[in-house]
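Fit chain X to the known structure of chain R by using the hints.
Residue numbers (this note's numbering), protein chains in the order written: chain R, 1 to 458; chain X, 1 to 458.
None of these hints come from the bench; they were simulated from the model.
Since we're looking at a predicted model, the values are computed, not measured.
Wrong hints could be hidden among the right ones.
To be verified - To be clear about the criterion: a stretch of chain R counts as covered by chain X if any three or more of its residues have a C-beta under 8 Å from a C-beta of chain X, and this derived list gives those stretches:
#1 43-54
#2 143-153
#3 237-243
Here a beta-carbon is modelled for each residue, glycine too, at the ideal position from N, C-alpha and C.
Protein chains: 2
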Amino acid sequence: MPGAPSSYEADVIIVGAGLSGLVAAREVMRAGREPLVLEASDRVGGRILTEEPLPGVFLELGAQWIGDTHHQMAALANELGIGLYPQFEEGETSYEFGGRVLRGEAFHRAHAQDLAEVDRVLRQLDAMAQTVTVTEPWLAPKADEWDRITVGHWYDAQGLSPTGRSLLEICTVGILAVPTVEVSLLGLLVNVVTCGVTADLLSESEGGAQTQRFVGGTGQIPQRLAAELGERVMLNSPVLTIDHGADSVTVTCRGGLMARGRQVVVALAPTLAGRIMYDPPLPGTRDQLTQRMPQASAHKAFAIYDEPFWRADGFNAQLISEIGPARMSNDSCMPEDTGGPGIILAFLEGENARVEGRWPAEQRQEALRAELARHFGPRAAAPELIVEGAWVDREWTRGCYNANPGPCGWIHFGHALATPIGPIKWAATETATRWSGYMEGAVDAGLRAAAEALADLP
Amino acid sequence: MPGAPSSYEADVIIVGAGLSGLVAAREVMRAGREPLVLEASDRVGGRILTEEPLPGVFLELGAQWIGDTHHQMAALANELGIGLYPQFEEGETSYEFGGRVLRGEAFHRAHAQDLAEVDRVLRQLDAMAQTVTVTEPWLAPKADEWDRITVGHWYDAQGLSPTGRSLLEICTVGILAVPTVEVSLLGLLVNVVTCGVTADLLSESEGGAQTQRFVGGTGQIPQRLAAELGERVMLNSPVLTIDHGADSVTVTCRGGLMARGRQVVVALAPTLAGRIMYDPPLPGTRDQLTQRMPQASAHKAFAIYDEPFWRADGFNAQLISEIGPARMSNDSCMPEDTGGPGIILAFLEGENARVEGRWPAEQRQEALRAELARHFGPRAAAPELIVEGAWVDREWTRGCYNANPGPCGWIHFGHALATPIGPIKWAATETATRWSGYMEGAVDAGLRAAAEALADLP
Chain R
1 MPGAPSSYEA DVIIVGAGLS GLVAAREVMR AGREPLVLEA SDRVGGRILT EEPLPGVFLE
61 LGAQWIGDTH HQMAALANEL GIGLYPQFEE GETSYEFGGR VLRGEAFHRA HAQDLAEVDR
121 VLRQLDAMAQ TVTVTEPWLA PKADEWDRIT VGHWYDAQGL SPTGRSLLEI CTVGILAVPT
181 VEVSLLGLLV NVVTCGVTAD LLSESEGGAQ TQRFVGGTGQ IPQRLAAELG ERVMLNSPVL
241 TIDHGADSVT VTCRGGLMAR GRQVVVALAP TLAGRIMYDP PLPGTRDQLT QRMPQASAHK
301 AFAIYDEPFW RADGFNAQLI SEIGPARMSN DSCMPEDTGG PGIILAFLEG ENARVEGRWP
361 AEQRQEALRA ELARHFGPRA AAPELIVEGA WVDREWTRGC YNANPGPCGW IHFGHALATP
421 IGPIKWAATE TATRWSGYME GAVDAGLRAA AEALADLP
Chain X
1 MPGAPSSYEA DVIIVGAGLS GLVAAREVMR AGREPLVLEA SDRVGGRILT EEPLPGVFLE
61 LGAQWIGDTH HQMAALANEL GIGLYPQFEE GETSYEFGGR VLRGEAFHRA HAQDLAEVDR
121 VLRQLDAMAQ TVTVTEPWLA PKADEWDRIT VGHWYDAQGL SPTGRSLLEI CTVGILAVPT
181 VEVSLLGLLV NVVTCGVTAD LLSESEGGAQ TQRFVGGTGQ IPQRLAAELG ERVMLNSPVL
241 TIDHGADSVT VTCRGGLMAR GRQVVVALAP TLAGRIMYDP PLPGTRDQLT QRMPQASAHK
301 AFAIYDEPFW RADGFNAQLI SEIGPARMSN DSCMPEDTGG PGIILAFLEG ENARVEGRWP
361 AEQRQEALRA ELARHFGPRA AAPELIVEGA WVDREWTRGC YNANPGPCGW IHFGHALATP
421 IGPIKWAATE TATRWSGYME GAVDAGLRAA AEALADLP
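So here's chain R without its partners, still in its complex pose:
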């Protein structure tokens, strides 16, 4: 039998010690109020997870980059004393389409028309996105039409060549991490709007969103935030129930921990927030929303070599392939001035995460080695080590990178995404109105939810 349950009190209880929850908790603390963070797993960070398989070699199994307009993240890193270094981009990308592997310049020459078509579609998305607001996308003049078309269906109708269509699919899945038929056109436009323009979001280099990394690993950010919070962060405390009154909450965890507070910030992806038992129960619209925002399917594989040999060959370690199993890759080495091994990060996203991601590791890694060799030569076939991170099997995350509702999700349920319910405020990057789906969005949402909770404290 379990012992007597432990009982805690706080002003604001935060569910989830991912970036959004930790930022919210710190904000509460800074306002002179008492936060308590309940984290299900045995570590902080949520979808941030840095591993160090070799001394000084930091692999980001989760969130890895920030972009040029991720100002809150840049400020946070600066404040925490964590340096930034640029994503290595020099050299050519390798393309595999129509059964041929071509280096960047040759591919661009051979497919100038396809690329122009893709660019035309991206510019059209930008124009459409101009009519969508981040706070009320369901009020866009064509919201009703656009939320009933899947991105895949709309792409199919844009008169693209097979290569253009493939390119667009790969780049979009690189963001959504689900096949484009699972997300509505309005959903994609919401992504575009929260992130600026498609050139930032969908361009093949993903330049805007992925320009810099953290020296020593992203994982330092949640760790340092948690260190500031000290004993206010309780690990191994999966929340089962949230009872809420007008101005009070009681939260219970597996194992018996009970916490009482005045406000609660649920800093979990919507699908996970929907698993908690609320009393009184949440409105049907909120519940049906959380039934309709599944976490996407992403799987990262790092191939580690003695050195970044591709750089001398003029490659940037990026591949874009319609064959796979990885549809994209890039250079994930440590900062240039510190040297270290060569690291290529191969992305298995959407369908590839679900199919090849379930293969036995040996079979999958053999396919990955063969693919990397097709692009970057025979040395790529022989990494010293492959380290993989699959997010769907992680109990307290259940998918990456983020979540998008399916068709009709925004028009019918979107208004429930971030709207507080009494003392319950919603954080997590999915609820952000800037860079939703990114670390920047997690910070944005955490600050907003903390402000909402603080404003409602007596």
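Frame of chain R, contents of chain X only:
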């Protein structure tokens, strides 16, 4: 502080006292093993809920009919001593399309071509369904293509007239209870296959699936099953956690109840099954499936009159409208030989449940009265009483009638729907291979899950 938790033991623990769970529990009991049913709410029945607002007047807020091939349900009713009576179908249906209200024969004359087109599409669906098996729909030759097209998109491409397209939407939403853009073509075909042919499923009279009702109300079925089980059914016991070993399970409930058993049958809709905390955690594929099978959106409204006045006017009380708020209705009176008031059941399904279903009751009922009057004359504008049932707000159901995965759901995750995980077996109508989504499917799934659990008992 709560008192010491109560502790129970059983051979097979059943989560959920809906029809599927109760049938499973009875099967376990009949095999000489001990079942224990844990039900979250304060009543049995799940999506079966009969109300009696006036003496002898039974309204089915939930499951209402059985069809001609629902042999297991017919047998169960017979065994429980519950009589059947036919759905009243005599008379004409009223149609509202293109701004005109027309009686059946006039509508059929005016829209013969539209109806022929709809019939052509239904026959095409039947032909396609021939290539889909209920047990492994993802192996259909065109599964990959059909699971990436939404039903709505496919309907749009069939060259239908606006009226034909509308008719098909209404009839399909009448089954799925979500807009057709939320379900893949393969998903619809799976529905067709589990139910026989589209003529049974999608015909405007829904003849095949809705031919008979239960004298005294469907609610008697779960009640009598529960009576047979006696104290083996525990109400007010929402399950929070399931710990499972190779051959043992421990289930805990809100409030402290703990039950130990050898097997567990989870007889909940997949989205609700996904809210339980399992230890060890379930495989990622199973978890991502439950993130992708939202409960649909259905709302029933019963208008009660002193008598079924429409019958004398030659109406069957069925309407099919592209205006709404109800897109369909029918005659929901008590058996003819017992007389009683006139009852028209108006269906708000999919978008109508989500939009008009959220209107203030007065506004919605005014619109319903006006609609019924357009079809069945001024007497229809003045019901003595309107009784409504919305399922999304019910905490332990969270949507009706059932669940369908979105695009790519079947091909990527379908295999996890009913596959046992050690001592965990899955029931609920969604997991059935015959009449999934209906009571017949609930029985089918309950019997199958019980057999799986019994086979694994030592």
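Please list, smallest to largest, the hint numbers that this structure does not respect. Structure breaks hint 1 only.
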